[in-house]
Amino acid sequence: MLRSYIKFAFRNLVKHKIFSIINILGLTIGLTCCMLISLYILHEYSYDNYHKNGDQIYQIDTERISAEDIGARATVPAALAGTLSNEFPEIEETTRLLRLFNDDKTLFSYESKNGISTFYEKKGYVADASFFDMFTYNFLEGNAATALKEPNSIVISEEIAQKIFKNKEAVGNQLRISSSTNGDHNHRVTGVFRPSKSPSHIDGRFFLSVEGGNMEDFILNSSTLVNNNMFYTYLKLKPGSDPEALEAKFPVFIRQHMGKELESKGIKASFFLTPLKQIHLESRIAENVTSSGSKKYLYILITIAILTLVIACINFMNLSTSRSSKRGIEVGIKKVLGAEKKRLLWQFLGESVLMSLIAYLLAFTTVLLFLPVFEKIAGKEIVLPLSQEIQLFAFFLLIAIIAGLFAGSYPAFFLSSFKPIKVLKGKFSNSLEAVSLRKTLVVVQFVIAIALIISSIVIAKQMTFLRSTDLGFQKNQQLIIPLRGSVAKENSLNLKQQLETNPQVKSIGASTYYPGISNPTDWLMYKEGNTMENAKSVFINRIDNSFLQTLEIKPVAGRIFSEEFTGDSENSMVINQTAVTKMGFSSPQDAIGKWMAFDWEGEQHRFEIIGVVKDFHFKDLHTEIEPYGFLLNSDNSQNYLIAQVNRGNFKDLLNSFEKTWKKLIPNEPFEYSFLDKDFQKNYEVENRLATMINYFTLMAIFISCLGLFGLATFNAEQRIREIGLRKVLGASVSSIVTLLSLDFIKLVMLAVLIASPLAWYGMQQWLQTFAYRIDISWQIFAVAILITAVITLITVSFQAIKAALSNPVKNLRTE
Amino acid sequence: MIKITNLEKYYKTEEVQTIALNKLSFEVKEGEFAAIMGPSGCGKSTLLNILGLLDDPDGGSYLFNGTEVSGFNERQRAKLRKHNIGFVFQSFNLIDELSVFENVELPLIYTGVKPAERKERVHQVLEKMQIMHRRKHFPQQLSGGQQQRVAVARAVVNNPKLILADEPTGNLDSSNGNEVMDLLTELNEAGTTIIMVTHSEHDAKFSHRIIRMLDGQKVTENVLV
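One line per chain: the protein sequences are C and W, in this order. All the letters of the first sequence, read from the start, carry residue numbers 1 to 815 under our numbering. All the letters of the second sequence, read from the start, carry residue numbers 1001 to 1225 under our numbering.
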């Protein structure tokens, strides 16, 4: 019985090839999207799920409300961990993590018999000795419990160990670590770890001990609980402790330990605990150790996944019901021969489930083939435990079966309830109900596809806007040369002078930070006549006297640093227009010659304003321009040289730069990047979203077109006698094509009307995440409508033309 | 075997009510071969559909083997149909997706016959209809006469007590038509009751009795044997 069911179902598939291909292909694409997105979502939810006592570990986060802003951050002062631990017995252990915030990369040097080898490494942290006790790391060498106890220790990842020591033992060897944050010191390797395959919000590749670096004194002896919020701090609570009860004690703690200081600054602060496993996704804080995953984007993706599957299912239902008149005869005969309704119901459901199972197998294969491509788009390596993968694929098998049942249910009930004599007599026609249902389904499909088209266009336009907006400085033709090791820093002036001799170089500036990268230094400053109570946060960058010229940041009042004015000291300051207004100066001119200051340990530090520059975007366009100040840096603590170069042969220029570098700084590798590209890296998340939405839009359009094509085919077949009659009566090919296409065009245009406001609303929400954004213009909708109309016409007219060109005599005979 | 009394059937459209069967009564005995004739629209096919339990009468009584079946529900009708009645249609109504063998096998599947027995019975009936060599072909690959022979094979494979034939030779040329009529005669001689609707006087002569209808009523009844 079952065998014959399957056999008939297969034969039906083969006989109605187009119908089967459309359905299976549609469902395959729907399932593939769903599976890929689910893999991604599961990956996002699997962060930090492997730590042994993970359920007891919490990150302590803080929220501050001041006159100028409200914000939660994941970093707190160094002294907080110890103070909390002394105060609250339920805290079993604490650990702190400090990012090497001034290092985009850190210089490693290893001296062996063969000489000195040097290279740069990313993702370094200074960590407490308890770090590896609290978090579970797989140590290949060394002892996790003691690895960071000794001063000048370093724990490195397996990959770094391989790179330096090949297959030899790493523990016990000395490395020289040159960090812009932690200084230039020798460190002994005390451990090598293999990163977990499951992701963690802590992405460190090497960890330095607190003791033995420049940050030691700052970390161990700092007593402020209000300033220097730089440390990611984790608490491990004793088993059975209630984190909420602990949180409830924080307000009293804050009043006792920080109350006065906060009050004097007009800040309200609170602490809250984020469970370890929730840091990546649930956290209110975007900027954590690694950037947090966005739940909003996950929801967008889930919506897309469900929508694609729904579109594919709709196709299935639609085509099956539209084919019902053909299958009606089969139903009639079978009923006459004694088939019961139930049996026919199962037959149709079985057929549709068979198709969905084929689609599942195809989707499964596609997922395996395309996972690497998808990982590249998503920017994540998706690794899940085998058991979870099996569960996922089993789950999708279930989804496929359900989709098959769901998609087959309407046609099954519809077909199996036919009255046999009616269909056998040829009296069967699609009921009005079935026709309107099909139309509704087509509209729903196109609403989804059109909404996605509009979204893609809006996202693409916003991305272009982000790329092309005038940032207030020259971002093109700017070469960034990082100075990471101490030799490079010491030689920066010399290097700059020698590089400047290259005729392709227009100008070279030096600085601690440059636009687009993190600018972690900010001071609370007030203007002449005010006090710390009116202080505002000002971002600080130390530069040399040609940086502003190199970046073409223009003065609007006073003057900027320059080689011609040698009288400028470290206390001279150039601020931006926003600083002028936020500080309370009446105009840029008003600020010139006045001073701004901050208080530190009872002492006032004053800076004289010598110039005001036009506002420029030192952060990406997600955020509004904030107060910014430039100070002159006279020592050797520059982190970057920025060279504005003329167009020309870049290869030769870089070769010449590298030669000069090698001559002056032989033991540090030469690296460079481009300012415009570095700035664009801030939009990586949006770029990924744009790429993904584009792909899914293509798929949604494709699936919808498959459905439309199927319906058009059916429609042409159904009306073949009508077409024949019309031709006999003198209708032209074009009038018939119009007749057949118009129905569908109308439906699609209705979909445009529904989709447009939906897409507009969704995109308006998304654009809110940017401080600077495009307006959604009517042209966007016009383009979307045009694209949809063209696609619809191409899809529908193919069948319409075919039908219109067919021989009317033959068509009339088919009756 | 079949006894209908005052059978009525109406068709309603929005404004007009048409009487298809108007208090029709007659009886067909077991083993009989009856032909029903009459002009188009006289109610022949409606009658056949009601006799075949494909349609409900609006009034009157229908006794099948002494049981009143006019009030049967869908399930009871399907059950009675699959065990007792075979159909032969003018347009054959074979399922295009199924081979000759599978088309003939279908009623046996619905009556729950085991696969081995099904195979044997289908082979027997195909041999009898002389289309065994075509068993793997699909309907489109057969001539009209062959298709109707398959349809007859399908109608008889369950050994029904009654065969209802709706213009079985209507789509066939005369030689193929005669072959089909010979087949039906043979079946009747073997004991199967046959009721056949036809336009053809020639075909009607194969029967024992001709019932002539007009406007949903019986006008004459000629006994031929």
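It should be emphasised that the hints constitute simulated quantities derived from the structure, not laboratory data. For each residue, glycine too, the CB sits at the ideal point set by N, CA and C. There could be a bad hint or two in this list.
To be verified - Using C-beta positions, here's what the derived DEER-type ranges look like:
1. N1065(W) - I754(C): 57 to 67 Å
2. A1190(W) - V728(C): 20 to 30 Å
3. K15(C) - N1178(W): 50 to 60 Å
4. N1073(W) - L405(C): 21 to 31 Å
5. N694(C) - E1015(W): 52 to 62 Å
6. K15(C) - T1185(W): 42 to 52 Å
As the list claims (entries may be wrong) - Taking beta-carbon pairs under 7 Å as the criterion, some of the chain C residues facing chain W (in silico):
7. A145
8. T146
9. K342
10. P420
11. I421
Said to hold, decoys possible - Straight-line C-alpha distance at most 27 Å; calculated DSSO-like pairs for lysine-lysine:
12. K15(C) - K1023(W)
13. K163(C) - K496(C)
14. K7(C) - K1161(W)
15. K1136(W) - K260(C)
16. K1136(W) - K506(C)
17. K17(C) - K1136(W)
18. K1023(W) - K341(C)
19. K419(C) - K1012(W)
20. K1136(W) - K419(C)
21. K342(C) - K1119(W)
22. K342(C) - K1079(W)
23. K461(C) - K376(C)
24. K168(C) - K122(C)
25. K7(C) - K1136(W)
26. K342(C) - K1114(W)
27. K419(C) - K1161(W)
28. K341(C) - K1114(W)
29. K7(C) - K1079(W)
30. K419(C) - K1079(W)
31. K342(C) - K1161(W)
32. K7(C) - K1003(W)
33. K1079(W) - K341(C)
34. K15(C) - K1136(W)
Quick check: which numbered hints come out false for this structure? 2, 3, 6, 7, 8, 9, 12, 13, 14, 15, 16, 18, 20 and 32
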